Structures are given as C-alpha cells and as structure tokens.
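Protein chains in written order, with our numbering: chain A, 1 to 218; chain B, 1 to 425; chain C, 1 to 381.
Please note that the accuracy of each hint is not assured.
No farther apart than 30 Å at their CA atoms in a straight line, the calculated lysine-lysine pairs in the DSSO-like style are these [claimed, not checked]:
#1 A:K39 - B:K203
#2 B:K6 - C:K374
#3 B:K236 - B:K203
#4 A:K39 - C:K297
#5 B:K244 - C:K374
#6 B:K248 - A:K49
#7 A:K39 - B:K248
#8 B:K55 - A:K39
These are calculated hints, taken from the structure and not from any lab test.
All figures in this text were calculated on a predicted structure; none of them were measured in a lab.
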Amino acid sequence: MEVEALLAWARGPGFEWALLIMFGGITLRLIEIATLGRKRDLSLPREGKGSGWRTIVSRFFSFPLLATTNVITYVAGYIFHLGLLIIIFFLVPHIEVWRGVLPFTWGGLPTTIIDLVTVLTMVAMGLLLFDRLTHPVKRLLSTAGDYLAWTVTFLPLLTGYCTYHHLFFDYSLLLALHILSVELLMVVFPFSKLIHALTTFSSRWFTGEQFGHKGVTS
Amino acid sequence: MSASLKRGLQAFDEVIDASVASFFSSCVHCGLCADACLFYTETGDPRYTPIYKLKPLQRYWNQHYTLGGKIASYLGLTTAVDDAELAEWQELIYNSCTLCGRCSMVCPVGNDLTAMIRKIREGMAAAGYAPEDLIAAAGRAVKIGSPMGVRLPALKAQAAHVEKDSGLEIPFDREGAEYMLLLSSMEIMNYPEYLEAVARIMKQAGKSWTLSSEAFEATNTGIQIGVSDIARTLVKRVVDAAEKLRVKTVISPECGHAYTAIRWDGPNLIGRPYPFEVLHILEVLEQFRLQGVLQLEGSESQRLTFHDPCQLVRRGGVIDPPRNLLRMVADNFVEMGDHGKMNWCCGAGGGVGANESAAELKMQAFQRKKRQISELGVDAVVTACANCRIQLEEGLEENEMDLPVLGLTELLAEHLPQREKGERG
Amino acid sequence: MKSDREKESGAIVSQREETVLQRLRRQGISRRGFLKFCTATASMMALPPTMAPAIAAALGSATRPSVIWLSFQECTGCTESLTRSHLPTVESLIFDAISLDYHHTLQAASGEAAERAREEAMARYAGEYLLLVDGSIPYGDEGIYSTIAGVSNLEMLRQGVEGAAAVIAIGTCSSFGGLPMASPNPTGAMSVNDLMQRGAIQRRPLINIPGCPPIPAVITGVIAHYLTFGTIPQLDALHRPLSFYGDTIHDRCYRRTYYDQGKFADTFDDEGARLGWCLYKLGCRGPTTYNSCATLKWNGGTSFPIQSGHGCIGCSEPGFWDAGSFYEALSMPTAAATTATRAGVGVGVAAGALSAWQNLHQRNGARTGHQEVKLDDLERG
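Sequences and hints are given; from them, build the entire structure.
As structure tokens, this is what we get:
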C-alpha cells in the first residue's frame, strides 16, 4: 500500500511541488541575472560574422580534441549530454510525460536503443566522476555542488535503468523512486550549476555579441 | 584615501552585471579553460586554471547577488572574501594571466573569462593588491605621460634622428591632418625604425599625418592594472589631442593592448563615442593596399611566420590584414599552428611583461611559443606588437634560438621602391 | 428446529470424514481423471510435474477441511468469477475437495439457519478451518455501515479470524480495500491485512488473492496448495502467492515485444491498435500490475483484457481506483502541471523582484558612491 501511495504522490503532489520549486527557482535566477543589465558598448562596432546567436550554436560544436589534454571531458561530456537528451525526449514513457504537460507530441525510439544509450550515458558519467576525482584541475575546482549535481543527474538514470530491468525492487517502487529522483533533480536544478542548461544560452550570447562587436566569430 | 578591502569589494559590486551573473551561473567546473591557458599548459599547475583565478569574484557574486547565496551567508555557511584571500590571488590574477582571451574562446558554456579577469582586477587594484611594478608604471603613465617614463623631449630627439636619416618630416601637432599617429614607449626607445617606416609609407601614400606633443603614448596601464579611472585619464589625453587637431583617424601602433584600450575600451571609459576613427596601423596599411597607394617591390625569400598578437586577433578583430600585407613581400610565408583568432599568447601581455615578479613565469609560458616556432623551422618571426616582440626576442635568446623578430610595418617599409629611399639626404 | 440443526451438523460431520478421493470416486471420477487434475494443479502452481503424485497422495488422503466464506462490502463478482467458470474444471473439482460450510450466496440455508451453520462450524473446527473473505470491511463509525443478521462485518470477521487456521482474502476489496476504499472512502473501508496490522482483529496466516475479480484458477490453486502441503504458499510482501503474482502483466504480455520495439497504439482505432501493438500510451497498467492474466488468461484460457484490445487497468493492485486515469500512460503525471508551473513562476517573480531589488541597491549604490581610484589609492595605507 505504501508503495502505491508513494507512486501516486510522486505522480501527483510530488510532481506539483517539483514543478513549483523548479519554475520558481528558474524565474528567480533569471530575474536576478537579467535585472543586473549590461552597459551598452559605445565603441564603433566592426563588420563581421560574429554574433550572439552564432556563438549559441557554435559552442555546441567546440571540440578541439587534438589540442586537448582532457579527452574524457570532451568525449564523455558529449556522450552524456546527448544521451540525456535522447533519453529524456525519445523514450516513449517520457514522451508521455511531455504529452501530459505540452500541447503537442512526437515519436519515440525503440526501447532497446534507449536502454543502450542509458548504459552508455551512465558509463560516461562514471568516467566523468572518476575524472573529477582524479584530474588535478577538476579536483581543485570541484565543490560539494558539483558532486550534488552529479548525483541528482545520475540517480534518474540509475533508477530508470533499474525500473526497466526490474532490478532490486518491485516495478511500482522503482517507478516511484525514478519519478522521485527526477523530482529531486528538478528541485536542485535552479539552485545548482545545472542551471547552465539555460544560462549557457545567455552566456554564449553575451560572449558572442562581445566578440562579434569586434568582428570576431567565437 | 588608501586601498582597502572595503574599496576592493565595492569595486566588485561595480563590475557585476548580467553577463558576470550569467557566466558564473553557467560554469560547470569542467576545467576545459585550463587547456586553453598557456600558464596551465606550460606549468601543469591547476591553480592557473582561468576560472579558478576568478574564485574570489565568483564567491562574492554568489554571496551577494543570488538569493541562495544570501541565505547561505546569512546562516554563516560561507566565508566572506578577505584580505588574505586577495593577497593569495594576486599572483593568479596578475602574473598568470595576459588577458589573451583564449579561454573565452573554448569555454563550452560560453563564458568570457578574460572579460571577468579584467573586472576582478578593478577590485584587486582598489583593495591594494596590484603588483608594485604595475603601480609604478601607472604612476609614470599618469605623471610623466608614458609607463616607461619617456618624455616628449626624448621623442623629439628620436624624431630628429629619423628626420635626419630619412630626410622625411616628422610632423608634430599639425591641425587638420588626416591621421594622428600614436606610439608605444617601447617603439620610441627600442624600435625607432617603426617611426621611420610609417613616415615613409605615409609619404608614398600621400597622406597627411601628425604626432601630438600632448598625447603620443598609446599604451594604457590603467587597463592592465585594472583601474578604469586611470585608464580614462590616459584615454582622455588622446581623445582631447585628436579632437584638438581635428584628425579623422587615430592610428594605434604595433601594440596589442594599446589597440584594445583606445579602440574598444576608450569610448566606454569616457562615456561617449569618438568623433574620429581608431585604426590599428595594420588596418591603415591594409586600406592603403586596397587603395593601391601601398606599392612594394622585391620579396623576402626567407621562411617567415607571423605571430598573432592576441589583442589584435581575438580581442581586436584584426585577423586578415597582416596576412594580406605579409604576402605582398614574403614568398615563403607559413602559418603557425592555431594561428589567427586561436593563437597562443607570447606570455607577456596584459601587464605581465612589465611585472618583474612574473619574470620567471612568463619565460615558462613562452615555452609554448618556442615549440610552435621550432616546429616551423622558420628563418624569422614577424609580429605586429612591440610587447610581443620584446618577449619573443628575450625568449628566443634565453632559449638560445638565433632567430630575428621583425615588426611587420618595418618589414613592409623595407620594400618601398628605391626612389623613395633616394630622398634620403 | 433443534433436530434440524443436529441433522445439519451430522451431515457436515459425515461429509468431512470422507477423504477427497473417496468423495470423487463416489461422484464417478476415475483415479486417472484425478491424477490428471493433480498434474494440472502442479503446473498451475509452477511446481515440477514430479510433484503431481505428491499432490495426489495428499489430496487423496486428506479429509475435506471446513471452509467458511465471509462476504462483506463486495459485489459478488469474486463468487461469480468462481462459479461462472466452464465445467468440468479444476475449480469444480477443488470444490469437491473442501467442505464449504458457510457462503451466504451459495448455501441453500438462509436466515438464522445459515448463521447457525457458521457458528457451529466455527465452534466444531476451531483452529482448523480456513476463512475466506471477500469484500472490504467498513471500519469507520465502529463499522455500522454493513451488518449481517445484526452483526457488524467487523465483529463477524473478528470472530471468524479467532478460530481460523489461515485467512484467504479473495479479491482486491478484502486484499487491499478495493473500490469501497476509493477516495473519499465514506465507510472507512479496510482490507483484512489493514485490520490485522492495526490490531482490530487477530493475526493469522494471511493469503491475499487480489483481482477484481481474481482469476478462478488462482483461488483453487492456492487452496489446492494448502490442502496438499498443509502450509500456505510462498508469498510476496503484499501476502500474494509468488507463483501467481511473481511477474507483471507487462513482463509476460505477448505484446511486450512491441513495447521494446517502440511500436505503440496511439488510439483505440488506429493502425497500431489494429496491428495489436503495445497499449502503454493508452494507459495500460501492465508494467505495475502483478498478476497471471497474461499466462492463465480468462474464460477457460480464452483471452485477457490486453488480448481483447484494452489495456490492463491494474485491478489487482493496491489503490488502483485512485491511481489516476485508466487511459493516461503510466508515466504521465497526474499533477496539475499548469497550475503548479504558474504558481512557481509567480513565487519566482516575487522572490526574484525582492532579490533583484536588493542586488541593484547594492550594485548601483556602489556605482553612484564610486570614489575615484587615484594613483595614491593603489597602495595600502
């Protein structure tokens, strides 16, 4: 009975709280950023192809693999970001979640492919954690917030994987834990570095505009 | 009044804007900026990771400009930025950053880290943690008119030399001239050939130009040390002189930081656009080339490469002109790896070169450039920044590499037709 | 009256003293037919076929145990499920193997006679009889919402449990509360297990056979197990026999392969529905429902809901009636997403305005209060 109540809470009130906190936090953070404003650049702009929009796009493809000493960050970083994207938007049960909150829907990928992607994503995240713990630069930069962000991102993958494969617990309990782990992610999102999923767009825009103003594509 | 933590933190407040808040919010501590920084790649010291250099400002922003941070510091969960921390960070902020901007190009979330180093220096300087040498240089710039202490008589003496050698007039304070030429003290003292080269090129092109006896120094120590008030004073001198002489264009010399200071920072410092244009000498030469008034003869057969000054390419947008110009006279021009907007810094920009406490570090950082140059097997290196040139010369000498470093403008001037040379008295 | 009662009691005794095999033979069922039944029972309970002789031996020698069936807040669907099964079936055979001493729908007696039969069986076989319960028990307001012969369900169950060797809760209502317990649960309905946990009735070994209704073969299978081994089968945390409730419908569903391939019916009449693709998007509860429908099937093994084109509604799971729409995918939130999001944005705007006001106060204050940094200000005093 407790499991069913937990699942019902996760799908209902829990999700409501998570949405409330996440959107409250996002709104708060974005207002805090936007209201600080930025002074207009009075210098004469140079003609060029650089722009904020261009940088927003171009930094998705910033992989100077040959010049880097940190292959793990690039390779595992790409795998885990793409993996998360595929899992979140192309697993049919997830699409149903989106259908529950959005006015439109789209097609999914075969579950076995998502399963494979999930394993790859978890392996990539494992590597990134290992790298964070061992690479001198990352170890120096890392704070409790980095490990928290890693944990709340990894838990939904792990619980989702267990749910699909019926590992350790009943499906209902696993599904409840999976949904709850996503809700934890949603709650942590705006108050951690995870907010970069949104602010990277404004950051790239600011930088792209600044460089573009000087005629440099960045 | 004197420097204090309070004034430093107040300066932090002043520089925080939406971009800073967005950048710090976005950082995921991936550490990739370290790969872009030659101070990290050449030393392997993780403290030289660009984002790490910004830690005091990041924490200050978090504690004062985010609700979560405000609550955390109210509950005593975070420690405030203090004198000890800023003192410890001085080396990271001034000695191990040339404001080259390479990290800003690779950051996956798009943070302009260099812009923030420039900002954090405002707080560091106001709190009294600017390096002694930079403070002294700023003092000379404000009081004497040049960070290296070059006074007008010294310039006039050099000008007289050039006039005598070339038979060309070096005009001072000529009202209504099209161009007003700025110089860096390094050019006045170390590379007077530059002044002669410009005079000859102007003569060939038939352009009117002048120097100003009130504002001939182009470099801006205020930017490097991070004091906008001082930077504004220095920019104002140039603007006043240019307006007084009613010139159309002010020419920034072969100096990277001087260019960004007067071209990009200047209008923002004085709070209004200029009534004149600012161009780097290479942009002017490129215009001459396109107008057909830069006629050169002969060519260099030696294998040449070009070292891009960071402030010209990445931070300045002058990328193609040096290549177009160099190809006019060089048959055997080869590009360096990561050339153009992704070039590697020489290791001495952003005030590092003037900072004696960074002397050892800047030579370590030079190892990157040394490797790049050795790999190419060139006969000479051309550049367009006196500061880079000094570092390259010192670095090559220290590494026992017998390789001349040439200024691009001078190299071009050497290829002016003989009849121009015939004017020599 | 008194002599009638004695006669009935006598009849109960004589029936009980006969062994199962004797009774079957009396009814003209051959030993071969009996063994066939035992093999079927073994297979149904997921026991190896070699267990069939053991079952036969046990059933053959066992005298029929007394069974009392109590019905409370129920719809008689569970009984219907059992009795509507086609003949001859294992169900009918098993009913020949027990002595059903009280079942107010099935028994011939009525009124006081019926209640007397129950009381007598309880007294005579105290500590030995099996208590079967269907329907939930109203617990609110001291159980006044349902009474039989003036006795509240709660009281009747309490008395029944006292002398029972084991309790079998038939159907979702007695197992988990079922429909009567659905929000807002006006009668305070509870399951047998709830009452045991709460101490309202005594604790006895409990087997839950949930389902609305449960599969008849599962009921008889569990009873056969009890008769054969004298113990209750292995149960899961919800007291369900693992041999019937060990897997989800989804795991055993013949449409599972479509789920894995990502082929789903989007509506009940689209191409996917006609091709028999997975019904997950149409709200199928197969993934969270533990039952044997996909393997044992219904109506003599004819079909089960998914095979007929409708998703599982999870009727054998706890709280199924309150677990959201039957026609929305399981992963779909039941939350009021728009309201929560709007509320969040509202809270964010308020908090953001407050924080931003403070930020600008500090930043702009610093800018307007800027004291020019002169050369002399660069050295620390």
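Query raised in the report: Quick one, are K244 of chain B and K374 of chain C close enough, alpha carbons at most 30 Å?
Result: Given that 30 Å is the threshold and the Cα spacing comes to 26 Å, the pair holds.
Query raised in the report: Within 30 Å, alpha carbon to alpha carbon, are K6 of chain B and K374 of chain C?
Result: Satisfied, since the Cα-Cα distance of roughly 16 Å is no more than 30 Å.
Query raised in the report: Is the Cα-Cα distance between K236 of chain B and K203 of chain B 30 Å or less?
Result: 29 Å, holds
Requested in this report: Could you grab the alpha-carbon distance between K55 of chain B and K39 of chain A and see if it respects the 30 Å cut-off?
Outcome: 24 Å, holds
Query - Pair hint K39 of chain A and K203 of chain B, alpha-carbon separation not exceeding 30 Å - result: Not satisfied, since the Cα-Cα distance of roughly 41 Å exceeds 30 Å.
Query raised in the report: Holds or violated: are the alpha carbons of K39 of chain A and K248 of chain B at most 30 Å from each other?
Result: Distance ~27 Å between K39 of chain A and K248 of chain B Cα, so the pair holds.
Report task. Verify the proposed pairing of K248 of chain B with K49 of chain A, using a straight-line Cα cut of 30 Å. Result -> The hint holds at about 26 Å.
Query raised in the report: Are the Cα atoms of K39 of chain A and K297 of chain C separated by 30 Å or less?
Result: 72 Å, violated
Checked against the numbered hints given earlier, the structure breaks hints 1 and 4 and satisfies all the rest.
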